[in-house]
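> Residue strings, one per chain:
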Amino acid sequence: VSERVLAAELDRALAGDDVGDEARGLADVLRAATEPLAFAVTDDEVEAALARVAPPVRRRVRLGLRPLVAVGVAVAVSLAVLLIARGPGLDVQAKAARAIAATYFFDATVTPANPRLFPATEITGYVDGIRGRAHVHVYSVSSGTIAETVLHENGSVERWLARTNTTLVASSCSALPGGCGEMFDPLGLYARAVDAAGVSSRRSGGGYELRLRVGNVEQIVQVDGTRFLPRSIQWRENRRLVASMRIARLERQPAVVPPDTWTMQPHGGAHVLQVLPGGALVHVLRVRPGKVTPATRWLGRSYRGNRARVADVTLTGGHATRIDYGPIVVWNYGRVIPPQVLQAQNLGVKVFPLRSGELVHVYFSLGGREAAVVSYGATNIAVVSLRRGNLDVVEAVQELTRAGSP
Amino acid sequence: VDEGLDAYHAFRRDQTDFEALFRTHYPEIVRYLAARLGSRDDALDLASDVFLEAWRRVPGLQWRGRPVLAWLYRVAANMAADEVRRRARTVPPLGDPAARGDETDATADRLALTQAYAALPADHQLVVHLRLVEGRPFEEVAAIMGRSVGACQMLMLRAARSLRTTLRAEGVRSV
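Chains as they are written, first to last, in the working numbering: chain A, 34 to 439; chain B, 616 to 790.
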């Protein structure tokens with residue numbers, strides 16, 4: 034009897050089937066060894082253990098988190114500052130820039146200079162030193178997860194706040210209220226760091242100290258003398274120390290990381306809002322009958338028996354074209370995202386490529402809506418299904434064509 | 616596609632609902648650790664530590680096609696190994712005759728069985744635990760362990776043989 038056949042026979046023996054002596058004997062040994070381990074853990078034991086572990090999680094709503102989020106995230110992103118600040122000149126600076134030019138997983142602790150400002154915070158996540166992306170989670174030892182922030186390659190940012198279960202979407206961090214201001218705008222920061230050539234270095238212990246200055250903010254970075262990777266960062270504002278960040282882990286990732294490394298994780302039932310650069314929230318201001326142009330992407334004059342109904346939608350800060358096909362709706366829009374598309378994005382995401390090479394993000398919402406979103410340069414297309422729990426949008430997004438196509 | 620999406624959704628749910636994750640998986644992590652540590656009470660305590668780590672780390676996990684449970688078992692295995700190493704420096708092993716005292720044959724056999732099981736390689740132990748103690752189908756075992764069904768069945772076979780060999784060497788007559 035081959036090993037594989039015997040292995041399958043052993044499984045059948047464990048299920049009680051009549052098999053050969055060898056498999057039956059082995060099954061008896063396994064049953065004897067595991068029989069005492071199949072004990073029950075009572076509900077009381079589970080709840081008692083949960084109460085020991087979970088109180089910090091439940092306490093989080095009582096903390097004033099806003100300054101913590103603002104400062105914590107900003108300091109976390111100072112790592113990204115280091116990654117993209119590559120001024121010419123000193124050898125140490127160049128080596129540090131080369132060493133960090135990759136995607137890293139990091140784990141760092143942020144301690145405020147003034148303990149009353151915010152509790153010690155742990156920040157963990159991924160930073161792409163080449164493309165300026167970041168995906169960080171902010172935790173407090175005492176209160177659990179506080180915030181999650183994703184900084185995209187194009188400078189746009191998403192921030193989820195645990196306290197209010199709200200996700201804010203903005204074209205840059207400067208649009209976010211009480212946030213990290215210019216610290217989160219990678220292109221602007223990069224330009225400033227390079228133009229000002231404001232990076233200096235000196236020996237410090239067994240390594241080096243780099244100083245990066247952007248406006249009234251200065252980061253003092255201790256760099257490992259062997260690998261030229263950062264070990265700690267001090268964040269100073271107007272020469273006063275605001276917080277210190279100690280980097281416990283900095284692990285280089287493979288050249289290709291999964292696409293959802295840079296995707297906000299789902300937060301069930303989160304209220305998703307778009308914030309414009311001036312701070313205004315996006316609303317639908319007006320809807321009136323519209324027409325498609327040759328560049329409009331749609332599903333044709335009718336789709337699955339439903340005739341296309343085209344509407345021109347005026348949004349706060351922008352316009353969109355909405356094409357209704359009964360339970361399927363196609364949106365063509367620019368930087369301002371229609372609220373219906375945003376609200377379909379509060380549970381999960383799946384990513385797959387179209388045959389033409391574009392990447393599709395399929396979002397799921399707690400209410401059952403689904404949206405497939407694909408970007409074509411400055412134009413974004415979303416296919417939204419108003420029906421629950423089917424994957425209509427996956428099929429529909431692959432059937433989009435330009436209205437001007439033959 | 617549907618199965619993949621279901622697994623993905625389950626992963627995300629586990630990430631976002633810590634209490635549900637705890638209530639669903641704490642008992643099986645306790646049972647797994649009890650085999651590694653030889654004590655139910657110690658397992659209850661260490662399982663809490665596993666979930667403390669989960670509370671800190673699970674929200675940041677990236678989807679790699681495996682359930683959060685796979686990560687929990689990995690952390691539990693590492694913590695159990697650390698604990699066993701720590702004890703080895705301070706506590707006489709269970710097999711130490713001085714620690715056994717008088718035993719009937721049945722108790723001695725039972726003890727030998729427990730020790731033989733605890734001494735199995737971690738992946739052998741895990742496959743036996745998931746399939747026999749938790750009663751999961753091999754498809755689920757394979758998903759948690761990141762291996763094929765056939766590979767898991769082979770691990771189970773090797774685990775059984777290893778146990779039998781050890782027990783025969785110990786003179787246990789019932790195998």
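It cannot be assumed that every hint is accurate.
Unchecked claim - Here's a subset of chain B near chain A, in silico, CB distances under 10 angstroms, partners left out:
id	residue
1	R646
2	M694
3	D697
4	V699
5	T722
6	R773
What the hints assert, rightly or not - Simulated restraints, written as ranges between beta carbons of each label pair:
id	chain 1	residue 1	chain 2	residue 2	range
7	A	A73	B	T780	30 to 38 angstroms
8	B	A696	A	G367	37 to 45 angstroms
9	A	L306	B	Q730	55 to 63 angstroms
10	B	R655	A	E284	30 to 38 angstroms
By construction, these hints were calculated from the structure, which means they are not laboratory data. Please read all numbers here as calculations on a predicted model, not as lab measurements. From the three backbone atoms N, C-alpha and C, an ideal C-beta is built for every residue, glycine too.
> So, for every hint listed, does it hold in this structure?
Against the structure, the hints:
A least Cβ separation of about 6 angstroms between B/R646 and chain A falls short of the 10 angstroms threshold, and the interface hint therefore holds. The beta carbon of B/M694 is not positioned within 10 angstroms of any beta carbon in chain A (closest approach about 14 angstroms), and the interface hint is therefore violated. Against a cut-off of 10 angstroms between C-beta atoms, the interface hint on B/D697 is violated, since the closest Cβ of chain A lies about 18 angstroms away. The interface hint given for B/V699 is violated, since its Cβ lies 16 angstroms from the closest Cβ of chain A, which is over the 10 angstroms cut-off.
A least Cβ separation of about 12 angstroms between B/T722 and chain A goes past the 10 angstroms threshold, and the interface hint is therefore violated. The closest approach between the C-beta of B/R773 and any C-beta of chain A is roughly 9 angstroms, which is under the 10 angstroms cut-off, so the hint is satisfied. Take A/A73 and B/T780: their Cβ atoms lie about 31 angstroms apart, and the range 30 to 38 angstroms holds. For the hinted restraint 37 to 45 angstroms between B/A696 and A/G367, the CB-CB distance of approximately 54 angstroms leaves it violated.
At roughly 59 angstroms, the beta carbons of A/L306 and B/Q730 sit within the given window of 55 to 63 angstroms. Separated by about 36 angstroms at the C-beta atoms, B/R655 and A/E284 satisfy the suggested range of 30 to 38 angstroms.
In the structure shown, a violation is registered for the earlier hints numbered 2, 3, 4, 5 and 8, in ascending order.
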